[in-house]
Each structure stands twice: as C-alpha cells, then as structure tokens.
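Number of protein chains: 8
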Amino acid sequence: MNAESIRKLFEQVRQGKLSPYDAVERLRHLPFEDLGFAKVDHHRSLRAGMPEVIFGQGKTPLQVAGIFDRLAKHGGNVLATRTDRRQYAAVKKKLRAAEYRELARAIVLKQDPQIYGKGKIAVVSAGTSDITVAEEAVVTAELMGNRVEHFYDVGVAGIHRLLANREALTKARVVVVCAGMEGALPSVVGGLVGVPVIAVPTSVGYGASFEGLAALLGMLNSCASNVSVVNIDNGFGAGYVASLINRL
Amino acid sequence: MNAESIRKLFEQVRQGKLSPYDAVERLRHLPFEDLGFAKVDHHRSLRAGMPEVIFGQGKTPLQVAGIFDRLAKHGGNVLATRTDRRQYAAVKKKLRAAEYRELARAIVLKQDPQIYGKGKIAVVSAGTSDITVAEEAVVTAELMGNRVEHFYDVGVAGIHRLLANREALTKARVVVVCAGMEGALPSVVGGLVGVPVIAVPTSVGYGASFEGLAALLGMLNSCASNVSVVNIDNGFGAGYVASLINRL
Amino acid sequence: MNAESIRKLFEQVRQGKLSPYDAVERLRHLPFEDLGFAKVDHHRSLRAGMPEVIFGQGKTPLQVAGIFDRLAKHGGNVLATRTDRRQYAAVKKKLRAAEYRELARAIVLKQDPQIYGKGKIAVVSAGTSDITVAEEAVVTAELMGNRVEHFYDVGVAGIHRLLANREALTKARVVVVCAGMEGALPSVVGGLVGVPVIAVPTSVGYGASFEGLAALLGMLNSCASNVSVVNIDNGFGAGYVASLINRL
Amino acid sequence: MNAESIRKLFEQVRQGKLSPYDAVERLRHLPFEDLGFAKVDHHRSLRAGMPEVIFGQGKTPLQVAGIFDRLAKHGGNVLATRTDRRQYAAVKKKLRAAEYRELARAIVLKQDPQIYGKGKIAVVSAGTSDITVAEEAVVTAELMGNRVEHFYDVGVAGIHRLLANREALTKARVVVVCAGMEGALPSVVGGLVGVPVIAVPTSVGYGASFEGLAALLGMLNSCASNVSVVNIDNGFGAGYVASLINRL
Amino acid sequence: MNAESIRKLFEQVRQGKLSPYDAVERLRHLPFEDLGFAKVDHHRSLRAGMPEVIFGQGKTPLQVAGIFDRLAKHGGNVLATRTDRRQYAAVKKKLRAAEYRELARAIVLKQDPQIYGKGKIAVVSAGTSDITVAEEAVVTAELMGNRVEHFYDVGVAGIHRLLANREALTKARVVVVCAGMEGALPSVVGGLVGVPVIAVPTSVGYGASFEGLAALLGMLNSCASNVSVVNIDNGFGAGYVASLINRL
Amino acid sequence: MNAESIRKLFEQVRQGKLSPYDAVERLRHLPFEDLGFAKVDHHRSLRAGMPEVIFGQGKTPLQVAGIFDRLAKHGGNVLATRTDRRQYAAVKKKLRAAEYRELARAIVLKQDPQIYGKGKIAVVSAGTSDITVAEEAVVTAELMGNRVEHFYDVGVAGIHRLLANREALTKARVVVVCAGMEGALPSVVGGLVGVPVIAVPTSVGYGASFEGLAALLGMLNSCASNVSVVNIDNGFGAGYVASLINRL
Amino acid sequence: MNAESIRKLFEQVRQGKLSPYDAVERLRHLPFEDLGFAKVDHHRSLRAGMPEVIFGQGKTPLQVAGIFDRLAKHGGNVLATRTDRRQYAAVKKKLRAAEYRELARAIVLKQDPQIYGKGKIAVVSAGTSDITVAEEAVVTAELMGNRVEHFYDVGVAGIHRLLANREALTKARVVVVCAGMEGALPSVVGGLVGVPVIAVPTSVGYGASFEGLAALLGMLNSCASNVSVVNIDNGFGAGYVASLINRL
Amino acid sequence: MNAESIRKLFEQVRQGKLSPYDAVERLRHLPFEDLGFAKVDHHRSLRAGMPEVIFGQGKTPLQVAGIFDRLAKHGGNVLATRTDRRQYAAVKKKLRAAEYRELARAIVLKQDPQIYGKGKIAVVSAGTSDITVAEEAVVTAELMGNRVEHFYDVGVAGIHRLLANREALTKARVVVVCAGMEGALPSVVGGLVGVPVIAVPTSVGYGASFEGLAALLGMLNSCASNVSVVNIDNGFGAGYVASLINRL
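Protein chains in written order, with the working numbering: chain A, 1 to 248; chain B, 1 to 248; chain C, 1 to 248; chain D, 1 to 248; chain E, 1 to 248; chain F, 1 to 248; chain G, 1 to 248; chain H, 1 to 248.
Keep in mind that the hints were calculated from the coordinates and are not lab data.
In this text, all values refer to a predicted model and were calculated from it rather than measured experimentally.
Don't take each hint at face value.
As the list claims (entries may be wrong) - Derived CB-CB ranges, DEER-like: (1) F/113 / G/17: 25 to 35 angstroms; (2) F/103 / A/96: 36 to 46 angstroms; (3) F/113 / C/113: 25 to 35 angstroms; (4) A/113 / D/95: 27 to 37 angstroms; (5) D/170 / G/57: 52 to 62 angstroms; (6) G/118 / E/102: 46 to 56 angstroms; (7) F/63 / E/170: 52 to 62 angstroms.
Idealized CB from N, CA, C, for every residue including glycine.
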C-alpha cells in the first residue's frame, strides 16, 4: 500500500463513501509492508555514500558485468569483490571508468568522490599473505569515502615493526587488523590504541590453522577489550564496519 | 497504532479536520508495527488449540508457577517442559488441576479437551533411556489435541521388535522417532512408512556420542527421504511439528 | 517364499499330504522375508505419485541414462538430481521427452500429470546463491504432484522483502526455507506462518560458514517451534518431505 | 628510565661530565621501555572515563574486595563482572557506595557521573535468558558514561515485536545485540539500522547450540554488512566496544 | 501370527473351509513379524553362554536390582556395568551370590561356569588410570566363558615393559588394548602379535585429549592392519567382541 | 646380532678365548634388537598366507610397479590398493599375471591359491556408492585365502532387502559392513547375526556427512555389542581383520 | 634375563655342559627384554637429577601418600602435581620435609639440591589466572635442578609490560610461556628472544576459548619459528622439556 | 631515532642550545622504537648462522627468485621451503650455486659452511610418506649448521626397526620425530631417549586422520614427558627449534 493508495482511502472517507470503521478494516487487510517499504527508502537516505556491492565469486563475467552496469546507474560508487581479471574485462567493456584493484581482487567504479569519514581508518596486516584481505578492506573503506592508511607486514613475531608505527596508529579513528595463523595481532594493536579495532581472521596458514579457524578463535578470545571480529577473510565487512564507525 | 486510534484518524478526515494528504503523513510516522500486531493477533486465531509453553530449565519454582498461572488464564492448555518436582509443587499450589508427567519431566494443565489432529501420531523410541525425550513429544502432542500411540524400546539392533509393530506404525499420519547413540532408527522407520518422520536425536550415550552429536549427524544423513530432524533432546519441538502436520 | 510356493504348501495340506502341524514347521523354516517383499509391494501402492529418483553426482552420463531409461518404464515421473548437461544429453538421446531444469541441476521426465498435494507448497530462499538448492526442492515437489510457489532473495537483512510476501506465505500448507550463511531465515518465516517449515541449510558462504555447518546449527537451534531440518544442500529431501505433508 | 633520570643524563652532558657519545651509549643500555611507560601513561589520558574492570569469576570474595578497593582509589568508576552476592558483600564492607546489579551479575561503583558518549547505545536481546549478558553490556556502557536504552525479548520468531521498536532502534548511534540459540537477531537488526552492530552470541540453548557455538557461527556469517562479533557471553566486551564507538 | 493361529489356518484348509488361494491371501495380510519372532528365538540358541547385561549408569539402585533379579532367572550369567556400591547393595539383597568387581565397577552373577572360548584373551592397558576400562573388558570376557590374562601399565613411553610381555601376548587368540591420552598402544601391540586387536580408547587424559577423542582418532588411524576400534571407555564392547572371536 | 654371530660368541667361550663375564659385556653392547629381528622372523611364520600390500595412492606408476615386482618375488600374493589404470599398466608390463580389480581400485597378483580361512566372510554394503570400499574388503579377504560372499545395496531404508538375506548372512563366520551417510547398517546387521561385525564407515554422502564422520560416529555408538570399527573408507583393514578372525 | 643369568649360561658353555648351539637356542627363548631392561637402567643413569613424578588428580590422599613415600626412598626429588591440601596432609604425615606449593598445586620433596641446568629458565605468563600452570612449570624446573626466573601478568594487550622485561628475558637459555584466551604471548616472546620457547596453552578463558583450544591452535600456528607446544595446562611437561634443554 | 640523531641532541645540550628539560621533552616525543630497532639489530648478532627463509607456497617463480636473490646478498645460507621445480628453475637462473632438494621440496643456497650445533640432531620418520616433512627438517637443520642423522620408515607397528636404531638415537642431542596417521612414534622415541623430542604431525593418512589432526592430538597427549609439538607438516619449524637447542 503506497502513499497514493492510502490517500485514496482517506479521500473516500472524506467523501463519505467509506465509513471510518470500514476504512480501518480495509487498511487492516492491506499488506502493511508497503508502508514499511516507504520507511525503508526514507531510511535509505541515511545510507548516502554507501557503495553498491557485488560478491563476484561464482558469478560469470557476463553476470558480474550486467549487475555492475545496472548498479552504476544509481550514480554512487560500485564495488565488486572476489573478482578476477576475466570478470574485470567484461565490466571494462561496459564501463570504461571501472578500475581493477589487483591486490584486493576488486573491481571499482568511483563516481562519488566525497569524503564521508570524519577521521582516518588504519588497516594493519600481519604478513605479506594477508594483504589480499587487507586490501579488500582498504578498497571498501575508500569507496565509502574514507581516508585510509595501511601498515603491512607488521606481525607480532617482529614486534618492533609494529611499535615503530604506534604513533601513526594512534591517530586513526578506527583500526582494521588482518591476520592469519595465530591471529595475535589484533590483541597487540588493541592494547596500543584507544579506539575500536575490527579484527579480520584470514585463511593464511596451513595444518592446524584449519583455514583460518585458529586465527578466528584467537581474535574472539582477545584479551584486549576493544576488539570485535568479522568472518574469516571478510575484508569487505571490516572495511564496511570501520566506515560506519568513522562516519559517526 | 491500534484499530481505535486509526479509526479516530479516519473520523477526523471524515469530519474534514484533517486532509487525506496530512492523514497519510501522520500515518506514515506512526509506528506501523501496531498494525502488524493487530494482524498477528488475527493470525493467532489460526493457532487455536496451541498450548502455552514454558521452558522450565533454569527457572525458579516461583518463576515457573507465576508464568504458569498467568498463561493458564488464557483458557487453553499449558505446558511447562524440563521441570522438576519442586517446580511442580509451586505450580500445584496455584493450580490444583495441574498434573506432573514424571517421565516427560513436564507440568501440564489441560483446559481444552478438543481433538484437533485428524489422525494418529506415532512416537517411537530406540532405548529405555530415550523415553524422557519421547514422552516430552507425547505430552506435547496430546496437549495440542492429538491421539498419540507410542512404541518404546524398538531399537535397530533388535529389528524384529520394530517389525512386529510395522502394521501399527503404518497407520500413523506422522511419526516421531527418538534415538540416541548411532541414531539409526529414523532411517529404518522412514523406510517402513510412507508418511513424514520427525527425528529427534537424544543425548543418550557416552564417549563418541558427544552428547547427541553422533545421533544428530546420523539422522541428518538419513538414507530415507521422508526424515527431517529437530535439535538434540527436543522432544517438544518434534511433538509440535508433528501436531501441525496432523492438523492439516 | 513367494505366493506360489506358499499356495503349494496349502495345496499339500488340502490334499492331506501334509498335516497342519508339519506345514507350520515347514513355514517356520522358510525365509519369511519373501512374504515381507509381497507386503512391501502392497505398501508401495501407498506411494502412488512418488517419482523414481536418481542421485546423479559421481555417475557417468551413460550410467545416468541407463538407469533413467529403466525407471521411466514404470510409467511414473522420473527425477535425476545433481546432474550436468552432459548427463542430460545422454538421457535425452534415449528419452526425447526428458527436460533439463538448469537452475535445479535436475533432469526430469513428467509422465504423471496428476496433482496429489491438497494445498500449495511455498519455497523460500535467502539469497540468489541459494536458488540452486531451492529449485531442487521446487522440482521435486512439482514432480510429486504439488502446486509450488517460490519466494527468492528474501533474506533477513532486508526483512521488508520477506514481510511484503507474508500474506502469500501464510496461504501455503507447508513451507520450505533454504538459507546459507547464518541460516536465520527459517526462524523468521517460522514465526510468520502457522504451518510446518522444512529448513534446508545451504553450503553458500565462506570462512566460518564451514560449508553450511553454521546454517545447519542455526536452523537446529531455531527459536521457532515449527521448524525441522534436513541435510545441507538437500533440496530434494525438503521437497520430498513437504510433498508428503501436503498430501495428508 | 623515567623523565627524571633522563634529565639527569642531559644535566651531566650539559655540565660536561659526560660526552654526548657516552650518553648515547648509556641511553642505549637503559631499559627503553620506561620511556614507553611514560608514553603509555600519556596515552592513558585518552582513556578518561574508562572504568577499572575486574573479572570476578574464580576469585574469592576477599580477592575481589581487595582489588576493588585499590582500583576505587583511582577515582574513576569501578566494575566487577561475573560476580555473585558473596563477592558483593565483601566489597560492600569496604565501599558502602558499591551497588550490586543482580541481573548483570556485576558490582559497580560510580564515582564519575560524566557523560562521555555522544549519542545513545541500544542493547537488544532475543530471549529472556539472554538478559544476563545484555545487562552486562548495559552496565558496562553506563559506567563508561553512555546513555543506554534496552529492548529485551524481541527474538526473530516474533518479528513484529522487533519491528515495533524499529523507530527507536534507528535512533541509536551503535547497537549491541545479544542472542543465543540460532543467533539470527543481529542480522535482522543489522538490516534495520544504518549504524554499527556489535553482536554477542550467548550460551543460551541446549543440544546443537553447543554452548553458544551455533549462535557464534551464525553471527560471523551474518548477511548484514554492519555486524561485528565478540566472544560468547562477552557482554562486557560488547558494551566496551560500543562505548568507544559512541565516544567518537 | 503365532504358530497356533497359523496351524488353525492350515486346519481350515485341510477341512476344505478355505481354498489354498484364499489362505495365501489371508496369510499375506497377517503380521509376518510374529513368525520372525520365532526365528529370532531359534537364532538365540546360538547365543548360549552370552551373559545378560545391564547398563547401570543413570539407573536407581532399585531399578538395577529389579532388572538384575529378573534376568538372573534365565539361568545364565548376569553382568551390570557402570555401577556403584549403592547399586550393588540393592542387588546383593536380592541375590546373595552377586559379587561386586570394584575396579571394573561391575556387579556380576556367575551361574554358568562353562568355558566357551577356545583360547586365551589378553587384555592390555597403557596406564594405571585405564584399568577401570580394562577390567570391564576382563569381567565381560570372563562372564562370557573365556580365560583372560591381563597386562597392565605397559604404555608406549616405557616400551621395554611391553616387550617383556611379548612372548605371553603372542599366545593370546585375541587381544584387547585399552589406552587413553595418545592411544598409541594398540598400534605397537598390533605390530607384535598376529591376531585381531580390539582397541578401546579411554577418556583418561586432559586438555587436548578432549575426553578420549585424541585416543580414538589415534586408534582409528593405526598403522597396524589388525586393529579395530570400539567406543571410548567401552570396555564391555571390547570384551564382548573378543569373546565372540575367541569362540570361533 | 643374528644366531650365527651369537653362536660364535658361545664358541669363543667354550674355547676359553672369552670369559663368561666378558661375553656378557660384549652381548650387552651388541644391538639386542637383532635378536628381536630373529624372533620377529620366527613370528612371521605365523603370517603365512598374508599378502604383501602396497598403498598405491600418491605413488607414481613406476614406483608402484617397482615395489610390486620386488614383493612378488617373495612368492606370496601381492595387493596394491587405491590404484588407477595407469599404475596397473606399469605393473602389468613387469608381471603379466597381475590383474586389475576395477571396482576395488586394486591390482592383485595371486600366487598362493591356498584357502586359510575356516569359514565364510560376508561383505555387506548399504548403497551402490559404497561398493568401492566393500570390494576392497572382498579383494583383501580373497587374497588372504578366504571364501567371501557379498551382499550389496541392502541399506536400512529398505530393510526387507537386508532381511531377505538374513539366512545367508548368519552362515558367515565374520561380517564386514560398509556404509556411508548415517552408517546405520552395522547396528542392524549386528542384531541379526551372532558373530563379530567389522564396520567400515565410507565417505559416501554430502553436507553433514562431513566426509564420513557421521557414519564413523554412528558406528562407534552402535547399540549392537558385536560391532568394532575401522577407519573411514578402510576396506583393506576390514578385510584384513576379518581374515585374521576367520583363520582362528 | 639379567646379566647374572646370562653369565651362568656362558659358564655352562665354558664348562662344556651346554653346546654353543643349544645355548643360542636357549637364549632365543629367553625374554630378551630383560637385557633391554638392563640397558634401560644403564640409560637411566643419564637421568640423574630427574625427579620422580606423581599425577595426583583422581588419586585418594592415601594413594598419593603411599606412592610418594615409596618414590622418596630412591633418594631423589619427588613431585606430585595437580594435588590439593588434603593429599598434602596425607603426604606430610609420612614425610615431614614435604612442602606444599599452593600456587602450583604441587607437593614437593627436595632431597637433591644439586644444580644441573647450565643457564636460567624463564617462565612467562600472560594473565594472573595462568599462574597456576606457570607455577607448575616453575616447580618442575626447580626440582630438576634449574635456576628459574618468572615474569607474570605480561600479556600482549599491554605489550610495554613485556618489553620492560625484554633484557631479562633474553638472558634465559630457554623460555616457557603460558597463556590462555588467544594464546598470542609465545609468538611475541618468540620474536624477542633467540632461544627455544616452550608454549603452554592454558584453559583460562570462556566461550570460544573452548577450554584452551583457541590458545592451543594459536600457539601451533605461531609465526615465530622458535616455538614448540605442549598440551593444554601441561605446566609440568613444559618445565620438564625446558629442563632437558637447559642441561645440554 | 637512530644513535646519530640522539647524539646530536646531546650535542645541543652540551652546547647549551637546549636545556636538559627540553631535551627530555623532545626525546619523549620521538619515536622510541627506533631505539628499539637498534637494540634488535644488536640482538640480531645472536642470530649468526641463521638462514634466511622464504615460504615458497603461493608465490610465483619470479617472486621466489627475486626474494631469494636479495636475501642471498646477506652472505648467509638461504632456504626456500615448499617450492617446486619451476620455482627452482627461476632461482637457478639468478644463482647458479642454488640446489634443489627434491625430497624436501626446498631450494637451498649454502654460503656459510660453519658448524654451529654442538652435537648431532636425529630426524626420525614413521613411514615413507612422512619423508617430505622429515627432509624439510633435515635441510633446515643442515642449513643452520648442524650434523644431522636420519632414521626413516621406523613406524611403531614394526617396533623392532626402531629398537634396532636405539643405540644411534640415544647419541643425538635432540630428536625430531615426524609421523602421520596415529602419531604414536614420538611417544615411543621419547621413552627411549633422554633428550628433547620435537614432534611433527604430518597430514599423511586418510579418513579419520582429518589432515593430520589425529596425529597432532596424539602428540599433544604424549605420555612421554620430553615431547613438544609443532604445527602439522611443519618440518621447517621442527628443524629450526632443534637447531636452536643443539646450539646451546
């Protein structure tokens, strides 16, 4: 029931064609969710600057390109995660402005250059193999209008590399930390900064890392109180949450 | 926004105190969920014969008695699962008609004697230790207005005991099967009958039964196509689903 | 012991060649299971309208085509699940009427057009990636003679899309809900409808979804009492159970 | 090496008692961490309004009281989580102003009444059994100087109860959602609001809930992008992270 | 359909009251399982010397004594596993001849002194803590009419203790090996003897033994080909299987 | 130290070239395990009729052929498990008599036709997909000199197919049962026969079968006391253990 | 066969009472392991300074006291781990010199004051709750004759506390690190020192720590190459391994 | 802040250009970690003889060759683990002296021939399939300047093969033991030697070995006190830890 149809209902009541009692009954049997739709759209306005997002994995190049093209028409930024070069080629054909961020395995189209984030987001990764996930977080945060600084290869077994960046880290408004293997880095970072830390376990490792389970459990049990966790390899989610926080 | 307040809105429109346009706006900013509430209540009427249910575990005798008493006022049947004798004593003080079903660890109050189920529900259990769970299913189904027949101690290692009851089993409209340890019984029963089988893994067993996990996995992998599964020890859920099916 | 050989036994008794006492003894030592066979066949008659089913995965195109052809001779509907186009090509050569349902990855042959289900089955899926599993349920239910309506891409993170279909959902006699990732959809649907909900966890997701385990556990722990669960990605099983319920 | 001792070093250099070269050498062999200490303390100033926290579980009443008393001298708020009435009695003897928050199982001493949070924190819980965890989050957030609003018993199986509070929910700057069993609530809430959601799995449930594992996995796989997760039953951590976010 | 009712059927045929054809039909619709019962009883005769067994855990002293008393009337040996002294006291009251085997936590009544086993059964245990399980195997095997020799505290970290008994071990016809922690003993014993080895993982250990899971997995992966495994702590099962083998 | 070298030691003592005291010392420092070797060889004689076995998986065709050729020179039967046609081609080139058992994925060379087993071994499998594992057990048992009978596709969901073979099953001296999915078959077979049952879980299944884990747990928790279990897909081990039992 | 009996054998040969050939035969049939025993005893001499150890958990006070008393007679140090005050009281009655190390839950008797370790062992623990495990390592190392230094409450979330002790840590010859929760400490310590690190996961934590599993997995996946791991809560094992290393 | 810049600071103080007080302030705000760097470098000198290491898996041949070349310039030994022949070819082009150790899948460049280890390291493996992991340990230990002896194919099911090498084993200063399947070997070896044993679980096995989990759990639960464990298949880590121990 959109606004128009409800208005008609009221119109009928005003014209005496329908008694208030009957109107209520009719209203009761209409799908109230349409009203909800309206509210949701209204609420959508809060989402200005949010990129449109496609999960590329398992989709054909044609499918990715098709969806990408359609979403691009909304005028905002568009992000396709977990993509490969073949999917990018298909998108590129339709949208010349689309770029491929190799490290992040992401296709991006930046149509909205505005900065929405109030401060800086720091993205930290433990090892060189975690960079793919970290870059996904970086790209996501950038597309959502944030200034992002990254600190790579600062794992806990060489703690001085991390400490050497403490000053810079403490200037961030929110920190994303990606780590595989034992997943210890968020705890250490969490102890160094006074802001929220979003921890991303990565599937980097072998044997008893169990595809990221070890890192995940480690992060959930962090002794630092300012750490919360997203799914294994979910760089996008971390960048998204960090962006929301940075907008506040 | 209950029916009353919406009616007033229409009344104001009818009296010309409010334009249809403004009425829509006002409606838009009211909590539309109240309307939802109304619908839900309406929808509730479909739930005639459904018992009010209390999960007794972890509640004090006083808490159970208090909730039980309040729910009893609705006039329907009341069921408290996972209770003990002390909780029953507290309920009994308030409601003399409440009974304790020892085997099922359930307190019941039967205020609605009507039969809602169209056929019979069969409840089958593998071993004597599974009876607690089976009885919870039985009590639930009975309180929901079904005729229930039970077949206990018919585990797969003595298949003839089960076969001896096949005739009777095939007469049920839906079958609940409770089994711990390897959880094989639902598969065998599923092969014998042509109706839906609700499987309930029980935590009966030790060692590699891992508190019912072995039975649960066994049932989920049943080679019989007519088997669906509820949570470990969830006799209530099985009785509930079976009752819904039997009402159709 | 088939009917023929038993008849001979009775004949001998009638002719006085065998005393009733000796006949009983002889009967006792015959394999009674043959008798069971007979009963099972009889019992089979209850299964009118059940499709013959082939699990295609791991079978060569020739094997699938061979079995399919043989089963088709029974005159009923035939369904091969988890198949690919190459397997379909092999079947098609033998049975021109066979169709390939791409989304469901199923080969179907409809020889029995009768409607056996009393009402409608609703099939709901959370995301676009769950559609393969949902379609398997749809195809299964259709081949078993049911009217099926589907509601796709109505995941819980956009609850209004689900609510917009509530009216339609509540008209189904049984609902199948497919969801991967957190598997929350069956709980929400379960709360909206008053009929049995068959939940199908899908392996859609990554990281801590552990190939559908997260969704499976979520569904087993559903706070809605009318939910029962089948194996991960088991769209066929869900469609089968739903069909049995809809026939009652 | 505190500031004082370093100053002396410089003093010696100024007075010509020590060559710059030797001073560097001496500095090199001093524990540089003391310097770090200083910085950390400085950095601590960022932590104004942070409560001192004690994890009460496994500690004797005397231990809790002793630590509590010592921390109280810092002048800020003090919070002891996972405590019981006996521990509270011991604390009460030393600090008459200490209160016991029964539902949260927390002992609190409020010495700093200042509000540090910029907006409101909403704490949502699915069932009545999750309230203990939710209250821990509430108490933590309050002690950290936030305005907190709670919404209890709004589980997904009765979605209208949640929707009825959507308006209020969307006014929060950050939302904490506690849920056991299938842990579906954060996904639904995440879809309704545009701010960060901190999800807390609780150990409420039985059988295949595996002490909160099912809820944990569900939340990690949330289809809502604004959800991050803390450890099972970690109401404190959720309240802490939410407070940090609300201060930004 | 018991023998009597079938005889009547034949009688009717003999008297010409029923045609053979009709008799077959009537037979077909009788519950054939009764016949199965008879066969099972016959088959039971193969089970001479098998003890009657009660799983004591979770049963009240009265229940154990009641069942024990009833089973004792069959004249064979009776075994109640996982019992305590209170249960024994109750049994003792009814059956003065019942003994309590403390180490095995078993109540036994030996009424059949016959030896059924052809050779000797060796029962080996790794540590002193595994003895409870080992003794349950010993008692079971003895009650089933076997000569049993035990070798305790011969764990793999002191391999010489095991080797010192190799000569004796190789004389057994079947070997039961109980071990907790890493569960390595069956592999070593399996390499030393040329007969079947029944491995019993025990829940002895802590931490990453996960209640016997480590030992169980170890035994299932034994590099010795003559090892098969029973459930964690299932001394009874191992003694039972070993007895069956020793009877061959 | 072989027998020869020890004899020389004694000879030296007899000839007075070495004092008994010095001889003991020298003996002490010789590798006593050589003595053990001798014993092992002696003990080996117990292993007459045991086939030489190669685990083919992960080995190149050349490696398999090389080892196969060398072992064939011992004169006994040779068995290579988990092989493919390419490995067989390589073996065939060296040993024309070698055969490929397709279903069992095994290369066999039968050089010892003797029957060592005293009775018959029955090999039972639940579904057509379990046949690979079952055939591995069959081939192993045959190569070890046993008469083997197999019963395929007798899963528990069609219990009559199994019962129709009960008579034949009860004639076996030991039964191997292979089953994937819920792994229920060994329990049912165990209840039908009075001899040892070796259960082999197979990795057949999908979703919550977790590569055979469900079947494995089911079998370990069997309610039939005569069941012991080997590793997932370990048809060889089951055939081996069954052969040892059948030789007794 | 001890040295004495072998000497007699040689004596008989020397005296011509036994031919060398017969002597070999007789030797062959003697339990050669006795010889092994001798060797083991010899080898034992390498174990000078090793304490006798009792695992107290699950033993009665009388049992602990009995074993303790017997082992004390060997003259070396005696250690009983996982004990309580009641067990200590029983030991104390027999051995006045026995002490109770409360924090380590250990009963110790120091009879051998010698220092065997060449350098210092450092024992580090993350939180105050890990101290029980750390102290068990300390006591073990001390009883094995080592100088031990401990560093408690230096968890990774307050990295400066750890760094403040780096100088001291780098002076140890081997470091034991105990940590629960995320188990990150060994990685950080491993990066700071150039010597072997023995990591001990502790069961400290809750929720997704899964009784120490999270810490265990974290340590096994350590990005520091000098870390090896012992069982959860196995302070004794860590102290033992560290002592062996420190003796080299 | 390197030594040079600090010296300048002191110089300014000496020249009276800066007051000691201001110098402290300035020092306080410099990144103290630079100082830490210096210390770390100093500490690095302890690491003489440590090889530079590259984890080859997942890197392109060009990447491996590039890093390898750069590290080779440091003058020490270089080791690339988990590499294949294509990666080796790329390295070989740049560094003719680089060798490929096929069994260990390692590329090595030996530029430092010095022996740093004080004694011998023994590397033991259970089966032929574990050799890859064992060889990785061997290569690592050799490149770190150790004498290494290996003992392959000495699994516990043929214990005499292991015992035949006991004498040699006891001469090692530290022992690395690699084993898959049940992982029992370290326990047996641990009982035979008096030195530290580093256990490496391998992913060799199938079914319930769960990619090395069974072996890992077995080793963590070893009944031998001198065993510590590294990650599954982590031959490098074991060789590294053993080398550190052997240098002491």
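Structure-based check of all given hints:
1. Evaluation of the 25 to 35 angstroms hint for residue 113 of chain F and residue 17 of chain G yields a failure: the beta carbon distance comes to about 49 angstroms.
2. Between residue 103 of chain F and residue 96 of chain A the CB atoms are about 57 angstroms apart, so this pair departs from the stated range of 36 to 46 angstroms.
3. Take residue 113 of chain F and residue 113 of chain C: their Cβ atoms lie about 60 angstroms apart, and the range 25 to 35 angstroms is violated.
4. Taking the beta carbon of each, residue 113 of chain A and residue 95 of chain D are about 55 angstroms apart, not inside 27 to 37 angstroms as hinted.
5. For residue 170 of chain D paired with residue 57 of chain G, a C-beta distance near 54 angstroms keeps the hint of 52 to 62 angstroms intact.
6. At roughly 49 angstroms, the beta carbons of residue 118 of chain G and residue 102 of chain E sit within the given window of 46 to 56 angstroms.
7. A hinted range of 52 to 62 angstroms is violated for the C-beta pair residue 63 of chain F and residue 170 of chain E, which are about 34 angstroms apart.
Checked against the numbered hints above, the structure violates hints 1, 2, 3, 4 and 7; every other hint is satisfied.
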